[in-house]
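Novice: Chain residues, written in single-letter form:
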Amino acid sequence: MDLSSINPILLLASLMVAATPILLAAIGELVAERAGVLNLGVEGMMITGAVVGFIVAVNTGSPWLGFAGAAVGGAALSLVFGVLTQYLLSNQVATGLALTLFGLGLSALLGQGYIGVKAPSFPDLDVPLLSDIPVIGPIVFRHDPMVYLGLFIVLGVWLFLNRSRAGLILRAVGENHDAAHALGYSVRRTRMLAIAFGGACAGLGGAYLSLVRVPQWTEGMTAGAGWIALAIVVFASWRPGRLVLGAYLFGGVTVLQLNLQAAGVAIPVEYLSMTPYLATIAVLVIMSAGRSPGSLGKIFHAAR
Amino acid sequence: MTEPLLSLTGLTKAYPGVVANRDVSFDIAPGEIHALLGENGAGKSTLVKTIYGLVKPDSGTMTMNGAAFAPSDPAEARRAGVAMVFQHFSLFDALTVAENIVLGMDDPPSPRAIASEVARVSELYGLPLDPARIVGDLSAGERQRVEIVRCLLQDPKLLIMDEPTSVLTPQEVKILFTTLRKLSAEGTAILYISHKLGEIEALCEAATVLRLGEVVATCDPRRTGPREMAELMVGQVLQSPVRASRPEGPILLDLRKLSAPAPHRFGTPLRDVTLQVRAGEVLGIGGVAGNGQDELVAALSGEMPVDAEMIRLDGTPIGRAGVNARRDLGLLCGPEERLGHAAAPDMTLTENAALTATTRKGMARRGFMRWPQARAFAEEVIASFDVRTPGPGNTARSLSGGNLQKFVIGREILQEPRVLVVNQPTWGVDAAAAAAIRQALLSLADDGAAIVVISQDLDELMEVSDRFCALVEGRLSASRPARGLSVHDVGLMLGGAHDMEVAHVAE
Numbered sequence: 001m002d003l004s005s006i007n008p009i010l011l012l013a014s015l016m017v018a019a020t021p022i023l024l025a026a027i028g029e030l031v032a033e034r035a036g037v038l039n040l041g042v043e044g045m046m047i048t049g050a051v052v053g054f055i056v057a058v059n060t061g062s063p064w065l066g067f068a069g070a071a072v073g074g075a076a077l078s079l080v081f082g083v084l085t086q087y088l089l090s091n092q093v094a095t096g097l098a099l100t101l102f103g104l105g106l107s108a109l110l111g112q113g114y115i116g117v118k119a120p121s122f123p124d125l126d127v128p129l130l131s132d133i134p135v136i137g138p139i140v141f142r143h144d145p146m147v148y149l150g151l152f153i154v155l156g157v158w159l160f161l162n163r164s165r166a167g168l169i170l171r172a173v174g175e176n177h178d179a180a181h182a183l184g185y186s187v188r189r190t191r192m193l194a195i196a197f198g199g200a201c202a203g204l205g206g207a208y209l210s211l212v213r214v215p216q217w218t219e220g221m222t223a224g225a226g227w228i229a230l231a232i233v234v235f236a237s238w239r240p241g242r243l244v245l246g247a248y249l250f251g252g253v254t255v256l257q258l259n260l261q262a263a264g265v266a267i268p269v270e271y272l273s274m275t276p277y278l279a280t281i282a283v284l285v286i287m288s289a290g291r292s293p294g295s296l297g298k299i300f301h302a303a304r
Numbered sequence: 001m002t003e004p005l006l007s008l009t010g011l012t013k014a015y016p017g018v019v020a021n022r023d024v025s026f027d028i029a030p031g032e033i034h035a036l037l038g039e040n041g042a043g044k045s046t047l048v049k050t051i052y053g054l055v056k057p058d059s060g061t062m063t064m065n066g067a068a069f070a071p072s073d074p075a076e077a078r079r080a081g082v083a084m085v086f087q088h089f090s091l092f093d094a095l096t097v098a099e100n101i102v103l104g105m106d107d108p109p110s111p112r113a114i115a116s117e118v119a120r121v122s123e124l125y126g127l128p129l130d131p132a133r134i135v136g137d138l139s140a141g142e143r144q145r146v147e148i149v150r151c152l153l154q155d156p157k158l159l160i161m162d163e164p165t166s167v168l169t170p171q172e173v174k175i176l177f178t179t180l181r182k183l184s185a186e187g188t189a190i191l192y193i194s195h196k197l198g199e200i201e202a203l204c205e206a207a208t209v210l211r212l213g214e215v216v217a218t219c220d221p222r223r224t225g226p227r228e229m230a231e232l233m234v235g236q237v238l239q240s241p242v243r244a245s246r247p248e249g250p251i252l253l254d255l256r257k258l259s260a261p262a263p264h265r266f267g268t269p270l271r272d273v274t275l276q277v278r279a280g281e282v283l284g285i286g287g288v289a290g291n292g293q294d295e296l297v298a299a300l301s302g303e304m305p306v307d308a309e310m311i312r313l314d315g316t317p318i319g320r321a322g323v324n325a326r327r328d329l330g331l332l333c334g335p336e337e338r339l340g341h342a343a344a345p346d347m348t349l350t351e352n353a354a355l356t357a358t359t360r361k362g363m364a365r366r367g368f369m370r371w372p373q374a375r376a377f378a379e380e381v382i383a384s385f386d387v388r389t390p391g392p393g394n395t396a397r398s399l400s401g402g403n404l405q406k407f408v409i410g411r412e413i414l415q416e417p418r419v420l421v422v423n424q425p426t427w428g429v430d431a432a433a434a435a436a437i438r439q440a441l442l443s444l445a446d447d448g449a450a451i452v453v454i455s456q457d458l459d460e461l462m463e464v465s466d467r468f469c470a471l472v473e474g475r476l477s478a479s480r481p482a483r484g485l486s487v488h489d490v491g492l493m494l495g496g497a498h499d500m501e502v503a504h505v506a507e
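Chains as they are written, first to last, in this note's numbering: chain A, 1 to 304; chain B, 1 to 507.
Because the hints were derived from the structure by calculation, they are not lab data. There may be inaccurate statements among the hints.
Unchecked claim - Lysine-lysine pairs mimicking DSSO-like chemistry, simulated, CA-CA at most 30 Å apart:
1. Lys49/B - Lys298/A
2. Lys49/B - Lys182/B
3. Lys257/B - Lys196/B
4. Lys298/A - Lys56/B
5. Lys361/B - Lys157/B
6. Lys196/B - Lys182/B
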């Protein structure tokens, strides 16, 4: 065992990378849940985004187009969920679970010809000047653009929810859909848009795994990241700022246990691998979850 | 006669299986306070939703100031000058007062301007509000102020109010009426929907009475008395419940310093509730919703266990006993929410009967249900309480509110309770069914049961109670004999108007 082989700067730097896919998926789900939609299909949308993004990137040679394709793929899958739950009034929990299973199967089918293929490289963005700051530079300013895009999306969502009228309407729809309907706001349209945004973000998160983190396609490669994203939304009490904290905590424990494995700590690998999930469960239990949106997960009938 | 502000001609709206409005026509003049009367299901809600653009009529036309008026959504109705205060508040608990107000406006000013606008309108009409507070923390009266201010900020020509006083104390009602009269004097017409005919008599200049979707009468409430209006609504002569004089029995229900923390964030803690109810007595508990009624019922029914000594039934401490154990001992409860609390909506009446009556009526043996007994009991309830339903195999959801209420109250009464606690026994029930329920409660008391009636309808409490208490913020006042208690006394017991003294209506 050689703990001195763990470089704290590299550890913190890779924390941001490890947290990014979960952060992206979670911020999308947060918007959907603030609109009152509980979409348990995050895992399915992530892995669909992962495979679609990988296929597009490999065929076009452009990771950027890959990410765009992943967002479109995730959003398209989420709209299946949207039509089923908002127009055909199916149960959100059951439909979300089905979406996860469907996404896992669909991605395995689509990705059959791509196993073992290498993704086009996605260069890191060295922020000029800032990346030369000692310690902070390598930790914060030498990542690929998606890491920063993810943070910008979180900031954008915060501004949208708390500063814009459209964000207020979205929160109102999630809080009390009957009242929002009575005031003349379109509950369905608001929710469909929120669901699509959630799907696009989950797709981006999945593509980050297949294009940057791994970077190649393997079946079932999201390995539960979508479920962690769902848990982090609750952990964050549906607030974007705390979402970043939750994602980084999970990312941090993930990276730390990988480093401990590499350093040869005398704990069986299986126990180390479960630590990020145990940490998430522990945090969820300790934190009081805060108040969920009033209409979360409820079916909306316009007639009543 | 001036040109009408809003004129309805031949409005008809049918839903599958029921005609909600049939050929409804009437006019509202500018500045007129116009009452819309009718039983539940008479079509009042459909009619006002049509005016507010939430429902499209099948046929018929509306004109506003002489021009055709057919709003396709509430925003269009608001632009035409129609504003509405909803019966079940259309507010968002987790948002602030300012955010709630902004949501009801089509062209909202900036967040900072809202605060000063709210302050201006508040002062003008005597409706104090803090724009930064979270709506979930407000009292019912304050919530209604939010709704009214939201409407007033848009300078409406017609203000629709659906049952606005059901959650207010008498003092708050008085302030509301002052505001409405002031609005009317400024030329705003008001369409006022209420069950409370005394209020209509005091406030309104014209009334349209609906029955089964049709206009059956128009009258001037200042000349037509409340009783006559009630008979127009129901279409039959009403009977007042009769009360036999009852001897004082022994104390059956005894609450000693019953205290309990609030069960959830927007709940109310119970604080030292002390109370004795004797056999053969009806005790009325009044109070505005959200002052601990639900919590008191939960503590009495056993849904919320408390210290054993806090509740005694016939001398036995039962504070820790569960719901069925209490039923066994003869303490039965009828909660407020009939669909979802008193009855499971998608289960049949037989199953619903079995849900509370299994222990007292011997419907189970060795863990197996005896369905014939349950069915017979459900049929007995249906027959004794005139529940209109094809049979006990129908689901609770398929019954109208009044019929289901008769069923759930009847189900408890026919189990011959020693103590019966009911919360809002006639909430949203039409006058004929309400009279039947009250009569059944009084007959049960005549047979020697102790009865606690919790209600927000003060007229109802005065009609059935022997003694009256007020429940305010989880505290129960000392009881007073109900006979001879004036509305003013009751209002004072209810704590008057919440923080209304600070604002005076600008004259």
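Novice: None of the hints should be skipped; say for each whether it holds.
Specialist: Against the structure, the hints:
no.: 1; hint: Lys49/B - Lys298/A; in the structure: holds (24 Å)
no.: 2; hint: Lys49/B - Lys182/B; in the structure: holds (25 Å)
no.: 3; hint: Lys257/B - Lys196/B; in the structure: violated (35 Å)
no.: 4; hint: Lys298/A - Lys56/B; in the structure: holds (26 Å)
no.: 5; hint: Lys361/B - Lys157/B; in the structure: violated (58 Å)
no.: 6; hint: Lys196/B - Lys182/B; in the structure: holds (21 Å)
Checked against the numbered hints above, the structure breaks hints 3 and 5 and satisfies the rest.
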